[in-house]
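Trainee: Okay, here's what each chain looks like letter by letter:
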Amino acid sequence: MAIPARFHDGLTAAVRDVALDYEKRGASGTLIIRDPVTAMELARWPAGNLYTVNAPRHVLRLAATGQPTGARVIVEGREDIARIRATLPVLAHKAQQETRRQVRIALTATLALASVIAAYLFGVPLLATRIASVVPPAWEQSLGNTVAQQMEAGLAQSGGFEICDPNPQSLANQALQRFGIEAMRGSGSPFTLDIKIVRSDIPNAFALPGGRVYFFSALLDRATSPDEFAGVLAHEIGHVVYRHGLEQLISTAGTGALIGFILGDMTGLSVAAGLGSTLIDARFSRLAEREADAYAASLAHRLDFNPAGLADLIARVSEDDQFAQALALFNTHPLTTDRKAALEILAAQRPSGLEPPFSPAEWAAIRSMCGDPPLLPKIKTP
Amino acid sequence: MVETKANAAVVFTGSQRELAGILLRGYALLVPTIGLYRFWLTSWKRRFYWSHTSIGGDRLEYTGDASQLMLGFLLALAVFVPLYGIFFYLSTLSSEAALIGYGAIGIFVWFLSGYAIYRARDFRLSRTLWRGIRFDQGGSAWGYAWRRFGWSVLMIMTGGLVYPFMAANLWRYRYCNTWYGDRQFGFTGNWRQIAWPYYLSYMAVLIITVLSIWNGAGSGIFPFGLASFNPSALPPLATGAAFCALWVLFYQSREISRMFSAVRLGSAELTVHIRARSLLWIYGQFALALLGTFVLLLVGGAIVLGSLAADAFADNHFDAQIFLGYLQSSIATVIAFVLGYLLLLGAFTATKELFIGYGFWRLVAQGADISGLQSLENVQARAEDKALLGEGLADALNVGAY
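Going down the list, the sequences are from chains A and B.
If you count the first sequence from 1, position 269 lands on 269 in our numbering, and the numbers rise without skipping.
Numbers given in our numbering equal positions in the second sequence, counted from 1, plus 1000.
It should be emphasised that the hints constitute simulated quantities derived from the structure, not laboratory data.
Idealized CB from N, CA, C, for every residue including glycine.
Among the hints, erroneous ones may be present.
Claimed, not checked - Pairwise CB distance ranges (calculated):
1. A:S115 to B:L1154: 47 to 53 Å
2. B:G1266 to A:P89: 51 to 57 Å
3. A:D80 to B:G1143: 45 to 51 Å
With the sequences and hints as input, model every part of the structure.
Mentor: Structure representation (structure tokens):
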């Protein structure tokens, strides 16, 4: 019995109601599309060429290779569809093939993306170092100037920005300069250091691209020994030598692009993009912190200070800041206990008989650069 | 030639439940495919909408393929990688130069999104089959981008007063360049048809805004700063915003109805009639559904986090420090946190699709009628448009619809 269907010939937009017949000769069958009244043949589609295209569950849409691309036979009704599917197992077979093809494409694409991400996670420190190494130092210096201007303007707005002891010939500044020159000796770094002690309530120290190092008075006040101060300063100089500021800028840009690609939002405005970048970038900066620690330890083989003091100072400052500790997952610095252990190993075999980084008079001068240092025992009472 | 309504009408038979199934499966698969399944999800969504929409008794068919979308996205990256380079360079310059640069890029991206929208429409049309014949779009995507960009400049200069002219002009450009087989669409609409509702709504929104600000200033909500903040001024302000929204919906319903009803295909004529209150119903349903989903998710999230980090919630009191300590030490808490975020995001987009996307499609289909369908019988197929590779930029810029 013929099955009623609708027929689009794919050449004109005329629709015909048709009757479907199936003819089997030997191994190959043919779908015959007839006019339902006159039984005239309108088209013959070999069964091997037939395939289904997407349609709601109770509708069957048939197309065939070798026919106009829009040509379709449409059958509605569960029983008729079941009959056709039973007669033409090739339909199920081809649908399965198509599903497998899509799964393969999706799998291949996912694997490719996963390997890009993996390569990125492991390769970016290398990549960023390579890219940073071809950036002209002059450009990095002008970048540092821009950042410094922005930062100084920002600080000036919120409470003021004041450089302590601006006279470069003072005992303290001379000592800092000498320390900087010794720290840079043999590193091959193209930059000239510019170390500034700045009055601020925030216990912090950081380096900008191009050689500027800022040490905030609140951190200096918390240092109990020249070891701690020299350690942190050498650490920041390590950032300058390794060009970490620039590297971080490059890796942040790369991470933003990658996350945008994963989320399909290249404008990168979503929260997820920000969160993802933060998590990945924090990993890279932890690597950078370890490198800078190692640099401080290597300087301690030429000058007599214990680089583990740097971990002590940071631990002391972050102790009162529980919130920062809790956020260590997002934190850019390695945990201080791990850090101290690593530094102690690095500092284990320091040669004896080295010059101290600062004479007692110089250390006293540095401590009073921002005015009289507060009395030490009063600060920390646990 | 008289056609019965049943035969000529546009019928949409898709159920929200089926769409929900597609979305649920799609979002679940987004996780293991690192987001790449979005191209398949888009394709399935379109197959759903298209195949459940029939015109004159024949369903539409979406013939597009996920890998085409993916390839298009990859090609669009070719535009974005240099843009990223420029962005990076700008971020290292002095703040004035960077601001000017960001502004320039923003304007360029706005211009580009016109191109992207037009190309995406071309992709969808050329992958739409009805009665065995494909739709298509001619015209120039760059031409459309310039046109749209020029109009937006005029919009800013005139404070939005030029909008009816812009809308009519862009609708005309889109439809006069749309083809069904070898037959070209036409557009009989003009600015006069939307001028009244537009300027009326414009004036109404303006008056309401001015009144609210005046009223708000009187009750001291605006002298910025929390000290002088007066919460009793909020309800009138919210009422003002609600009235503005109603006027926007009123205008939206009129523009959709009148502009769609100006679309012609030879002697076949489309009429669409939708009411503002139907739009309001859609948005109202969306708001309620979103509220319900989020309450459920938050309760669920609190239970999960409560069992993972129980002592942070001890004594009926949430202790942020202990909780943050868990974030640091317990990977399970972090994963639960990230999953929770993804769930919230997924719930939002799914609810939006289920109520706004679906509701809007159904509304237009239900309100649509086409006369003179029989005149289309002798439309002939045109050669395949194979030049198009995915929607590319539209995907990358997130401007695609449906």
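Trainee: Failing hints, ascending?
Mentor: Number 2 only.
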